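Asks: Top line first, the protein sequences correspond to chains A and Z. For what it's worth, our numbering labels the leading residue of the first sequence as 11, then goes sequentially. For what it's worth, our numbering labels the leading residue of the second sequence as 11, then goes sequentially.
Simulated from the structure, these hints should not be mistaken for laboratory data. Since the model is a prediction, treat every value here as computed from it, not as a measurement. Glycine included, C-beta positions come from ideal geometry on N, C-alpha and C. One thing to keep in mind: the hints can contain errors.
Pairs of lysine-lysine residues, derived as DSS-like cross-links and limited to a Cα-Cα distance of at most 27 angstroms, are as follows [unchecked claim]: (1) 271(A) x 113(Z); (2) 300(A) x 78(Z); (3) 477(A) x 113(Z); (4) 120(Z) x 300(A); (5) 113(Z) x 406(A); (6) 164(Z) x 120(Z); (7) 174(Z) x 315(A); (8) 406(A) x 242(A); (9) 486(A) x 400(A).
If you want the ones that stay clear, here's a sample from chain Z, every Cβ over 12 angstroms from chain A, calculated [claimed, not checked]: (10) 53; (11) 54; (12) 57; (13) 67; (14) 81; (15) 85; (16) 92; (17) 120; (18) 148; (19) 150; (20) 153; (21) 158; (22) 167; (23) 192; (24) 198; (25) 200.
Stretch by stretch, here's where chain Z covers chain A in the computed footprint (C-beta under 8 angstroms, at least three residues) [claimed, not checked]: (26) 180-189; (27) 339-352; (28) 360-373; (29) 377-387; (30) 483-489.
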Amino acid sequence: FTDVNLNSRNTYEVSRRRSAPEHLPHGGTAPAEPAPPPQEPAERARHRVGIAGAGSSFAEFFTRNFFTKRTKELKPSVQSAPGWKLFGKVPPRENLPKDSKIIQQEYEARTGRMYKPPPPSARRKNIEFEPLSTTALILEDRPANLPAKSVEEALRHRQEYDEMVAEAKKREIKEAHKRKKIMRERFKQEENIASAVVIWVNEILPNWEGMRATRRVRELWWQGLPPSVRGKVWSLAVGNELNITPELYEIFLSRAKERWKSFSETSSENDIEDAGASVADREASLELIKLDISRTFPSLYIFQKGGPYHDLLHSVLGAYTCYRPDVGYVQGMSFIAAVLILNLEEADAFIAFANLLNKPCQLAFFRVDHSMMLKYFAAFEVFFEENLPKLFLHFKSYSLTPDIYLIDWIFTLYSKSLPLDLACRVWDVFCRDGEEFLFRTGLGILRLYEDILLQMDFIHIAQFLTKLPEDITSEKLFSCIAAIQMQNSNKKWAQVFASLMKDNKEGDKNHSPAPKS
Amino acid sequence: MAQTVTPGTSPEGPRPSYMYKVVLLGSMSVGKSSLAYRYVRNDFRELLPTVACSFFTQMLNLDEATVKFEIWDTAGQEKYQSVCHLYYRDAHAALLVYDITNKQTLSRAKLWLEELEKRFLPNEIVIALVGNKTDLAAEREVTTEEGEEFAQTKGLLFMETSAKSNHQVNDVFMGIVQELLRREKEKASKPFPHGRSTVDLRASEARTRCC
Numbered sequence: 011f012t013d014v015n016l017n018s019r020n021t022y023e024v025s026r027r028r029s030a031p032e033h034l035p036h037g038g039t040a041p042a043e044p045a046p047p048p049q050e051p052a053e054r055a056r057h058r059v060g061i062a063g064a065g066s067s068f069a070e071f072f073t074r075n076f077f078t079k080r081t082k083e084l085k086p087s088v089q090s091a092p093g094w095k096l097f098g099k100v101p102p103r104e105n106l107p108k109d110s111k112i113i114q115q116e117y118e119a120r121t122g123r124m125y126k127p128p129p130p131s132a133r134r135k136n137i138e139f140e141p142l143s144t145t146a147l148i149l150e151d152r153p154a155n156l157p158a159k160s161v162e163e164a165l166r167h168r169q170e171y172d173e174m175v176a177e178a179k180k181r182e183i184k185e186a187h188k189r190k191k192i193m194r195e196r197f198k199q200e201e202n203i204a205s206a207v208v209i210w211v212n213e214i215l216p217n218w219e220g221m222r223a224t225r226r227v228r229e230l231w232w233q234g235l236p237p238s239v240r241g242k243v244w245s246l247a248v249g250n251e252l253n254i255t256p257e258l259y260e261i262f263l264s265r266a267k268e269r270w271k272s273f274s275e276t277s278s279e280n281d282i283e284d285a286g287a288s289v290a291d292r293e294a295s296l297e298l299i300k301l302d303i304s305r306t307f308p309s310l311y312i313f314q315k316g317g318p319y320h321d322l323l324h325s326v327l328g329a330y331t332c333y334r335p336d337v338g339y340v341q342g343m344s345f346i347a348a349v350l351i352l353n354l355e356e357a358d359a360f361i362a363f364a365n366l367l368n369k370p371c372q373l374a375f376f377r378v379d380h381s382m383m384l385k386y387f388a389a390f391e392v393f394f395e396e397n398l399p400k401l402f403l404h405f406k407s408y409s410l411t412p413d414i415y416l417i418d419w420i421f422t423l424y425s426k427s428l429p430l431d432l433a434c435r436v437w438d439v440f441c442r443d444g445e446e447f448l449f450r451t452g453l454g455i456l457r458l459y460e461d462i463l464l465q466m467d468f469i470h471i472a473q474f475l476t477k478l479p480e481d482i483t484s485e486k487l488f489s490c491i492a493a494i495q496m497q498n499s500n501k502k503w504a505q506v507f508a509s510l511m512k513d514n515k516e517g518d519k520n521h522s523p524a525p526k527s
Numbered sequence: 011m012a013q014t015v016t017p018g019t020s021p022e023g024p025r026p027s028y029m030y031k032v033v034l035l036g037s038m039s040v041g042k043s044s045l046a047y048r049y050v051r052n053d054f055r056e057l058l059p060t061v062a063c064s065f066f067t068q069m070l071n072l073d074e075a076t077v078k079f080e081i082w083d084t085a086g087q088e089k090y091q092s093v094c095h096l097y098y099r100d101a102h103a104a105l106l107v108y109d110i111t112n113k114q115t116l117s118r119a120k121l122w123l124e125e126l127e128k129r130f131l132p133n134e135i136v137i138a139l140v141g142n143k144t145d146l147a148a149e150r151e152v153t154t155e156e157g158e159e160f161a162q163t164k165g166l167l168f169m170e171t172s173a174k175s176n177h178q179v180n181d182v183f184m185g186i187v188q189e190l191l192r193r194e195k196e197k198a199s200k201p202f203p204h205g206r207s208t209v210d211l212r213a214s215e216a217r218t219r220c221c
């Protein structure tokens with residue numbers, strides 16, 4: 011029995027990966043259930059035992075739809091499927107599952123058997139509802155060796171039992187509805203993505219320069235890029251001002267490799283000293299890359315040693331430190347490179363990485379140019395006060411400055427702070443709108459949690475913002491971001507920032523900012 | 011020194027409560043975040059590299075006082091140094107963390123000490139030198155004596171720890187709290203030069219803005 015349950019779990023995973031929503035009984039047009047064929051032990055066992063056991067009713071639902079297929083042909087591919095390519099290198103619809111009817115027909119053709127509907131009593135009609143342990147509760151009489159219940163007691167127990175089951179059923183049906191709704195939304199989303207892919211591939215990408223700034227494209231862009239075109243659009247939007255070619259990447263990569271080699275040969279010796287501090291610095295940088303790679307998205311298990319993208323990440327970061335020794339490796343970069351690697355081929359990822367980090371805002375942060383960072387914070391605060399005056403005052407009262415939370419967000423372009431899919435959506439619009447969107451997103455986050463933050467003191471705000479809740483959803487965040495106006499008395503971000511830069515130049519003459527302790 | 015003095019309510023009468031800001035400084039990957047995580051959550055795990063700063067809090071109910079720790083866990087990479095003063099300003103205590111298996115990290119801790127000595131008056135801040143990763147004793151590059159001696163000459167608290175095997179992590183923070191409370195008492199027995207004993211909680215928590 012345990013075996014059976016484990017099996018059905020696996021199937022659930024598979025069916026989910028294979029774009030499950032197609033098989034939802036939405037709108038009352040539920041696809042006909044495939045026959046539980048004679049060799050379907052799980053179904054039997056479950057009915058016989060009478061308790062659905064550990065699997066959730068939802069999982070069981072998928073189990074049924076896929077059981078036939080899995081046992082016959084899916085199983086081997088399932089076990090070998092690595093599941094790494096979660097992030098868009100696979101067009102989303104490549105593995106469209108077959109309709110259950112087709113599966114059934116195939117099955118019939120193979121086995122030479124015709125589908126006989128099982129007797130109605132043997133199957134549940136309502137496929138939304140599968141018993142969980144509570145509803146499958148069986149009311150037993152007392153064992154024969156004990157005195158029987160009185161009639162009154164038996165009746166009372168019966169009634170209590172009925173109430174319990176009814177209550178549980180109600181709860182489960184409600185949950186099933188909720189799940190169904192979620193799945194329906196996900197299905198709708200997938201449909202939207204599918205139609206968006208067509209528009210991006212057929213219309214926009216071939217006419218990139220002409221269309222990128224049109225209203226229609228900008229609106230579609232705001233909705234989030236379909237994973238299959240995401241890397242391409244990012245590349246185009248980030249551009250290649252630096253004119254880096256894949257060949258150039260190879261050159262810097264081989265230089266990095268040489269350095270690693272010589273480093274590992276001499277690392278046990280102390281003769282680094284006479285080579286000068288800058289070399290020691292660079293060595294430290296290389297060492298640090300190694301340390302950080304294993305700490306990049308550890309939950310994905312793909313950048314860690316032995317993982318499929320470990321070497322890639324190492325290469326891209328190593329080549330960058332050789333390409334830009336003036337910037338070098340800075341903690342936080344590994345996350346940016348990782349997100350690019352998940353969406354682009356190696357050389358393209360490097361090109362996008364180098365160009366992205368060459369943008370003024372990124373350069374200011376990754377060089378840890380504090381005075382420039384302060385300009386960005388000041389511009390951010392202008393829009394903060396404009397959009398969220400109450401929270402702005404609250405932060406002010408604790409002298410809570412943006413450096414506390416913004417540095418982390420801007421350094422990693424939110425990839426460390428937000429769930430990965432959501433971070434990618436932020437990147438999408440960042441590619442469209444530029445640096446201003448990074449700060450707008452920050453304000454969106456503050457707006458989303460404004461009510462909670464208003465109740466908190468300094469340290470709790472700092473804690474909260476440097477470790478955002480994991481259940482943050484893209485709908486909620488993006489509606490908050492949309493509500494943030496990037497206009498300050500008719501001045502846009504760029505203008506506000508430019509005027510702050512001008513103030514700085516004038517102020518520099520008689521005032522140099524000195525930190526007080 | 012008294013940052014937050016509000017009478018607590020305990021059966022024996024008012025018990026003072028204090029808020030102390032503790033900042034963790036040291037090279038990258040010496041285990042600053044792990045020490046904080048071990049102390050606050052009593053757990054050890056693979057942590058993401060700290061970008062800029064992360065924050066922890068811990069409440070201590072001691073016989074003589076209630077203490078609230080605000081722990082500021084800073085990023086270790088040297089590149090971040092130009093923003094680090096943002097994080098250690100107004101700190102009451104600092105942990106200078108090094109890795110006993112890496113001699114360079116001790117030199118780095120010494121540099122941190124120089125920096126703190128420039129920014130703080132001698133009695134303004136309690137500093138502890140912490141040699142972490144005693145679980146890797148086989149790879150040790152810094153002897154206990156070496157760390158101890160340096161700490162002694164500079165008047166620092168000293169302790170070797172392992173966040174991984176939970177060795178003396180609690181003791182470090184307890185040592186700091188004892189020292190902070192001792193200084194608190196010392197100050198209380200002297201006349202108040204600035205009459206700061208009744209600082210309002212809100213006003214005292216406000217930080218002076220930098221730059």
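Asks: Look at each hint and say if it fits the structure.
Replies: Hints, one by one, checked against the model:
For the hint linking residue 271(A) to residue 113(Z), the alpha-carbon distance of about 23 angstroms falls within 27 angstroms, and the restraint holds. Only pairs whose Cα atoms come within 27 angstroms are accepted, and residue 300(A) paired with residue 78(Z) is rejected, the gap being roughly 36 angstroms. Taking the CA atoms of residue 477(A) and residue 113(Z), the gap is about 32 angstroms. The hint is violated against a cut of 27 angstroms. Restraint check for residue 120(Z) and residue 300(A): satisfied, since their Cα atoms lie roughly 25 angstroms apart, inside the 27 angstroms limit.
Of the supplied pair hints, the one linking residue 113(Z) and residue 406(A) is violated, its CA atoms being roughly 42 angstroms apart against a limit of 27 angstroms. Straight-line distance between C-alpha atoms of residue 164(Z) and residue 120(Z) comes to about 10 angstroms, which keeps the hinted pair within the 27 angstroms bound. Between residue 174(Z) and residue 315(A) the alpha-carbon distance is near 21 angstroms, which keeps this suggested pair within the 27 angstroms criterion. Between residue 406(A) and residue 242(A) the alpha-carbon distance is near 42 angstroms, which puts this suggested pair outside the 27 angstroms criterion.
Of the pairs offered as hints, the one joining residue 486(A) and residue 400(A) holds, with about 20 angstroms between alpha carbons and a cut-off of 27 angstroms not exceeded. The claim that residue 53(Z) is not at the interface with chain A holds, since no C-beta of that chain comes within 12 angstroms of its own (minimum 15 angstroms). Annotated as non-interface, residue 54(Z) keeps its C-beta farther than 12 angstroms from every C-beta of chain A; the closest such distance is 14 angstroms. Separation of residue 57(Z) from chain A is inadequate, the least Cβ-Cβ distance of about 7 angstroms not exceeding the 12 angstroms criterion.
With a least beta-carbon separation of about 5 angstroms from chain A, residue 67(Z) fails to lie farther than 12 angstroms from that chain, contradicting its non-interface assignment. For residue 81(Z), the non-interface assignment is contradicted: its Cβ lies about 9 angstroms from the closest Cβ of chain A, within the 12 angstroms cut-off. Here residue 85(Z) does not stay apart from chain A, with its beta-carbon only about 6 angstroms from theirs, under the 12 angstroms limit. Separation of residue 92(Z) from chain A is inadequate, the least Cβ-Cβ distance of about 5 angstroms not exceeding the 12 angstroms criterion.
No Cβ of chain A approaches the Cβ of residue 120(Z) within 12 angstroms, the least distance being about 16 angstroms, so the stated non-interface status holds. At roughly 16 angstroms, the least C-beta separation between residue 148(Z) and chain A is larger than 12 angstroms, which holds for a residue marked as non-interface. At the 12 angstroms boundary, the C-beta of residue 150(Z) stays outside the reach of chain A, the nearest C-beta of that chain being 16 angstroms off. Every CB of chain A is more than 12 angstroms from the CB of residue 153(Z) (nearest about 18 angstroms), matching its label as outside the interface.
Against chain A, the non-interface label of residue 158(Z) holds: every CB pair exceeds 12 angstroms, the least being about 24 angstroms. Against the 12 angstroms criterion, residue 167(Z) stays outside the reach of chain A, whose nearest CB is about 21 angstroms from its own CB. A cut-off of 12 angstroms between C-beta atoms confirms that residue 192(Z) is not in contact with chain A; the least separation is 23 angstroms. Against chain A, the non-interface label of residue 198(Z) holds: every CB pair exceeds 12 angstroms, the least being about 24 angstroms.
Residue 200(Z), annotated as away from the interface, keeps every beta carbon of chain A farther than 12 angstroms; the closest lies near 23 angstroms. Remark: the region 180-189 of chain A is not confirmed as covered by chain Z, as 0 of its residues place a Cβ nearer than 8 angstroms to a Cβ of that chain, below the required three. Coverage of the region 339-352 of chain A by chain Z holds in this model, with 4 residues showing a Cβ closer than 8 angstroms to a Cβ of that chain against a need of three. Judged by the Cβ-Cβ criterion of 8 angstroms, the region 360-373 of chain A is not covered by chain Z as claimed, because only 0 of its residues qualify and three are needed.
Requiring three or more residues with a Cβ within less than 8 angstroms of a Cβ of chain Z, the coverage given for the region 377-387 of chain A holds, as 5 such residues are present. With a cut-off of 8 angstroms between beta carbons, the region 483-489 of chain A has 0 residues touching chain Z; three or more are needed, and the interface restraint is violated.
The structure does not agree with the numbered hints 2, 3, 5, 8, 12, 13, 14, 15, 16, 26, 28, 30 stated previously, though it agrees with the rest.
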